[in-house]
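There are 2 protein chains.
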Amino acid sequence: MRDDYLDKFFSGDMLAAARLMSIVERGGDEAEGVLTALFPRMGRSYRIGMTGLTGAGKSTLVNQLTKHYRSKGLTVGVVAEDPTSPFSGGAILGDRVRMLDAHGDAGVFIRSIASRGSETGLSEKATELADILDAFGRDLIFLETIGVGQLETKIRYSAHTTVVVLTPDAGDDVQSLKSGLMEVGEVFVVNKADRPIAQRYSDDLRSMLDLRSPGDGWQPPVVCTVATTGDGIDELANKIDSHRTFLDANGRLEEKRFEALKNRMRRLTEEKLKELFWENEYIKKSLETALSEVVSGNKSPYQAADEIVMPIKIEKDKIEKKDKVKGRGKRKGGAR
Amino acid sequence: MRDDYLDKFFSGDMLAAARLMSIVERGGDEAEGVLTALFPRMGRSYRIGMTGLTGAGKSTLVNQLTKHYRSKGLTVGVVAEDPTSPFSGGAILGDRVRMLDAHGDAGVFIRSIASRGSETGLSEKATELADILDAFGRDLIFLETIGVGQLETKIRYSAHTTVVVLTPDAGDDVQSLKSGLMEVGEVFVVNKADRPIAQRYSDDLRSMLDLRSPGDGWQPPVVCTVATTGDGIDELANKIDSHRTFLDANGRLEEKRFEALKNRMRRLTEEKLKELFWENEYIKKSLETALSEVVSGNKSPYQAADEIVMPIKIEKDKIEKKDKVKGRGKRKGGAR
Numbered sequence: 001m002r003d004d005y006l007d008k009f010f011s012g013d014m015l016a017a018a019r020l021m022s023i024v025e026r027g028g029d030e031a032e033g034v035l036t037a038l039f040p041r042m043g044r045s046y047r048i049g050m051t052g053l054t055g056a057g058k059s060t061l062v063n064q065l066t067k068h069y070r071s072k073g074l075t076v077g078v079v080a081e082d083p084t085s086p087f088s089g090g091a092i093l094g095d096r097v098r099m100l101d102a103h104g105d106a107g108v109f110i111r112s113i114a115s116r117g118s119e120t121g122l123s124e125k126a127t128e129l130a131d132i133l134d135a136f137g138r139d140l141i142f143l144e145t146i147g148v149g150q151l152e153t154k155i156r157y158s159a160h161t162t163v164v165v166l167t168p169d170a171g172d173d174v175q176s177l178k179s180g181l182m183e184v185g186e187v188f189v190v191n192k193a194d195r196p197i198a199q200r201y202s203d204d205l206r207s208m209l210d211l212r213s214p215g216d217g218w219q220p221p222v223v224c225t226v227a228t229t230g231d232g233i234d235e236l237a238n239k240i241d242s243h244r245t246f247l248d249a250n251g252r253l254e255e256k257r258f259e260a261l262k263n264r265m266r267r268l269t270e271e272k273l274k275e276l277f278w279e280n281e282y283i284k285k286s287l288e289t290a291l292s293e294v295v296s297g298n299k300s301p302y303q304a305a306d307e308i309v310m311p312i313k314i315e316k317d318k319i320e321k322k323d324k325v326k327g328r329g330k331r332k333g334g335a336r
Numbered sequence: 001m002r003d004d005y006l007d008k009f010f011s012g013d014m015l016a017a018a019r020l021m022s023i024v025e026r027g028g029d030e031a032e033g034v035l036t037a038l039f040p041r042m043g044r045s046y047r048i049g050m051t052g053l054t055g056a057g058k059s060t061l062v063n064q065l066t067k068h069y070r071s072k073g074l075t076v077g078v079v080a081e082d083p084t085s086p087f088s089g090g091a092i093l094g095d096r097v098r099m100l101d102a103h104g105d106a107g108v109f110i111r112s113i114a115s116r117g118s119e120t121g122l123s124e125k126a127t128e129l130a131d132i133l134d135a136f137g138r139d140l141i142f143l144e145t146i147g148v149g150q151l152e153t154k155i156r157y158s159a160h161t162t163v164v165v166l167t168p169d170a171g172d173d174v175q176s177l178k179s180g181l182m183e184v185g186e187v188f189v190v191n192k193a194d195r196p197i198a199q200r201y202s203d204d205l206r207s208m209l210d211l212r213s214p215g216d217g218w219q220p221p222v223v224c225t226v227a228t229t230g231d232g233i234d235e236l237a238n239k240i241d242s243h244r245t246f247l248d249a250n251g252r253l254e255e256k257r258f259e260a261l262k263n264r265m266r267r268l269t270e271e272k273l274k275e276l277f278w279e280n281e282y283i284k285k286s287l288e289t290a291l292s293e294v295v296s297g298n299k300s301p302y303q304a305a306d307e308i309v310m311p312i313k314i315e316k317d318k319i320e321k322k323d324k325v326k327g328r329g330k331r332k333g334g335a336r
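These protein sequences, in sequence, are chains G and E.
The working numbering applies: residue 1 is where the first sequence begins, and numbers increase by one.
The working numbering applies: residue 1 is where the second sequence begins, and numbers increase by one.
Bear in mind the hints are in silico, worked out from the structure with no lab data behind them.
Mixed in with the good hints, there may be bad ones.
Same chains, same names: a pair is fine if it fits in one copy or spans any two.
Said to hold, decoys possible - Keeping only pairs whose Cα atoms sit at most 27 Å apart, straight-line, the calculated DSSO-like set for lysine-lysine is:
no.	residue 1	residue 2
1	284	262
2	256	72
3	8	285
4	284	256
5	8	284
6	299	256
7	285	262
8	299	284
9	299	72
10	285	299
11	299	8
12	262	8
13	67	262
14	285	72
15	284	72
16	313	67
In this text the structure is predicted, and so the values were computed from the model without any measurement.
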């Protein structure tokens, strides 16, 4: 069944791609199997993160950018975090409706992801869905995330260019921007720039960005757009392309891909480590014992946690021995 | 030096409390030392989580509720997530200014926490700061968090009553609420209820909450407030108190405290586990090797991650259940 989807996927079947995405969204061993099978085809797409508060116009911008890049012959994938229906768990259309422009075009693949579930899961899942679109051969992938708090910084793990979308709201000023948003931005958009205060807002933003010393030599530009009319979209695409050229020219793109992979590997490994740890009967019992000691006031949670991890050993002996045996074998064959 | 602060802290010195909080915010061994020392005094405060989007009026509500509870003779602590200045890292006053009402009253202790740093760090730190206020003897502790995406669900780990603060904005409707917010709420506030659409909004919210089958027998009430004028604050406090009484009456409060402790223990243990793991030289090398194999396309990240955790052994278990540990690669763990 899965292999069936894989064959179809490799021949460019969008329905198969959607099915594989659903498998990956559900997670578990089957999801791992799919991602492992697709892995050799990944690593070619260019990933653009679009982040900003709800209502900033991210979806409309993605829609406009999609049209722009489609007109240049590039294929596009979109992975978007969506508000979910309060109790049904189904995705609410809302912003997505505006994306319908792109429907019917096989060069555009849009996937919404429910912003519920485990706290670490979302950006991980979004990255995995982007991986599938990558393996599917999409040239560009937009990752649309709600940027608040710490979550948005996570898109950096997989986005090559991060676009921060802001709106000039009366009463807000640039100073009150969340630092998380400021720090991740490589291109800044002041959307709804037809509002009267847009000019002052974007000027303030530019001054503030000037104060930031660009560690990597890239000075983030500010682009004013009106997503609903398409004003400023070409300039925005232009800035995104410039950033891509910049990354390409100094080897940063490869570095970013490698960094993303390293982060990914670390997190995957940690997940497996935790799974391995908590499913162990001895550790489970140990947690229960520790809890009762903490509750009775005999230990602090910190002391107790130290004790729970105590029986962990990293058995390198076995592996080193194996290596030695291997090495000896080689020497035997070569020298004698 | 630290012991000096501890002595002063135990005698009720607010400055010492502030210093200990700074130590805890920095983290590390010293932070653990402080929390371990204070641990025996924790577990008496009642914790109220206030969550909602930026601009919903959470701080003003906390301010009003603080006045309310102070007038009843209860001491109050507040731990608030604050937007931080974009580049300085300093806390922007903004909402905090309105909290100045409470300054000069030794019965109120307000602590802002910068919403930057590691993605897992924030709610953990907020909980630890609340723990200090708890050990300091505060009767009530407000945990004010920006509720978007998954983060807000974390406050459940330590809040006994979670208040979700909403505002009736034109164009938004209740249906578009993020499910995360709906699911964590035990008391709902429609703030800025002087807006014309407030009535319809709160009616819709009530109908929607009615559809939710309360697993624990508590039906979340909806309270309309105008935080700036104080309208509805007494009713809100009333509902919070009712929820507390409800929890108390059926043993749920103790359960919640235990659950919070258990979650905490698990996360603490995981932190220590990860630390132990990644600081191991062999594992570090193993990650590097795995990465190059993944980059060269010889392995998928999933296969590689499996191999990195391979040398992990849980000592006591190894002796007791040797064959199960051996069989770990194939079957899902040695768990029965």
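*What label fits residue 299 with residue 256 when the C-alpha limit is 27 Å: within, between, both, or neither?*
For residue 299 and residue 256, only the inter-copy Cα distance (20 Å) is at most 27 Å; the intra-copy one is 44 Å.
*What label fits residue 284 with residue 72 when the C-alpha limit is 27 Å: within, between, both, or neither?*
This pair counts as neither: shortest intra-copy Cα distance 57 Å, inter-copy 44 Å.
*Is it within a copy, between copies, both, or neither that the alpha carbon of residue 313 lies no farther than 27 Å from that of residue 67?*
neither (55 Å within a copy, 53 Å between copies)
*Have a look at residue 67 and residue 262 and pick one of within, between, both or neither, based on CA distance no larger than 27 Å.*
neither (33 Å within a copy, 50 Å between copies)
*Same-copy or cross-copy closeness of residue 285 to residue 262 [CA-CA at most 27 Å]*: between (33 Å within a copy, 13 Å between copies)
*Should residue 8 paired with residue 285 be assigned to within, between, both, or neither, using CA atoms and 27 Å as the limit?*
This pair counts as neither: shortest intra-copy Cα distance 47 Å, inter-copy 39 Å.
_At most 27 Å between CA atoms: does that hold for residue 285 and residue 72 within a copy, between copies, both, or neither?_
neither (60 Å within a copy, 44 Å between copies)
_For residue 299 and residue 72, with the copy left unspecified, which applies at a CA distance of at most 27 Å: within, between, both, or neither?_
Result: close neither inside a copy nor across copies, 65 Å intra and 35 Å inter.
*Could you figure out if residue 8 and residue 284 sit no more than 27 Å apart (CA to CA) within one copy, between two copies, both or neither?*
neither (43 Å within a copy, 39 Å between copies)
_One pair to classify: residue 284 and residue 256, alpha carbons no more than 27 Å apart. Within, between, both, or neither?_
Result: close only across copies, 20 Å inter versus 39 Å intra.
*asked:* Cα distance capped at 27 Å. Does residue 299 pair with residue 284 within a copy, between copies, both, or neither?
replied: Within one copy, since 18 Å is at most 27 Å while 32 Å is not.
*Within, between, both or neither: residue 284, residue 262 at alpha-carbon 27 Å*: between (30 Å within a copy, 12 Å between copies)
The structure shown violates the earlier hints numbered 3, 5, 9, 12, 13, 14, 15, 16.
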